[in-house]
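Participant: Sequence:
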Amino acid sequence: MSQEVPKEQAESTAKRYFGLLKLEELVLLSFYSITILLGQLVCLANPHPSYFGEKRNIFNVIFVRQGWFWTTIAFIAHASHVHKNNNTNRQTLLKQQILRYTLATVWWYAFSQWLFGLPIMDRVFVITGGTCEGVTGVADGTSMTSAACRSHGGKWVGGHDPSGHSFLLVHSSLFLWFEILPTLRKQTEAVPGAVKGVFVLLGLWWWMLLMTSIYFHSFLEKLAGLIWGLIEVSVVYIVLSNNPQTAGTLGLSD
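All the letters of the sequence shown, read from the start, carry residue numbers 1 to 254 under the UniProt record's numbering.
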């Protein structure tokens, strides 16, 4: 007589692609890669000018340029929901949530803001021959961050400029997806409001990624932003989650 396999056991023994990825995780990683490719195909078709093709569009100025702030708000809303509905080990849960958020934030900061001087994205640009031009009184254009260059009226020239927008939108989206996946797997009733709020932001992030793919940067620059955006989430939520010790520390055990 066959016995029914408990849901938790079924989830923990679910097929893993490439030995690491569950089906929904594989779909998510592929989804954002396909979005970049789709945007590039539209770009090659010479689309008509669009409001979203302007750097000063309100969604870019208010949301994308402050992207990690909005991602943090969405994370806190969902984390608070999870914390409130967990009646045991709340202190441990909170520490694990803070640890995962800290790792994601450090990666965002190191790539796009600062890493003992220039952030990673600007270091790549400088190493490949790029510099900042048009800023009065600056002898070495390779010592300025891209943000400082723009704020002083200069412009990046030469070099390979990884798309910061692609990085931010992919990294932020996947971070939020991997945070809410456990909630969605356990959800048997209506989706909670906190998750609905995350869905709204994820929808906006996807749309802005598509617009970035259509109107801005070269294909290789967008591809570079995508790859850098995949790194932290892949390491934390896929590689480390498959190691029992680190998975337990991060709160990513099945």
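Rather than coming from a laboratory, the hints here were simulated on the basis of the structure.
Misleading hints may appear alongside valid ones.
[Claimed, not checked] Below, a list of computed lysine-lysine pairs in the DSBU-like style, where the Cα atoms sit at most 30 Å apart: (1) Lys22 with Lys196; (2) Lys95 with Lys186; (3) Lys22 with Lys84; (4) Lys22 with Lys155; (5) Lys186 with Lys55.
Participant: The structure should be examined with respect to each hint, and the outcome stated for every one.
Facilitator: Results of checking the hints against the structure:
no., hint, verdict
1, Lys22 with Lys196, "holds, 23 Å"
2, Lys95 with Lys186, "holds, 21 Å"
3, Lys22 with Lys84, "holds, 27 Å"
4, Lys22 with Lys155, "violated, 43 Å"
5, Lys186 with Lys55, "violated, 40 Å"
Of the numbered hints stated above, those contradicted by the structure are hints 4, 5, listed in ascending order.
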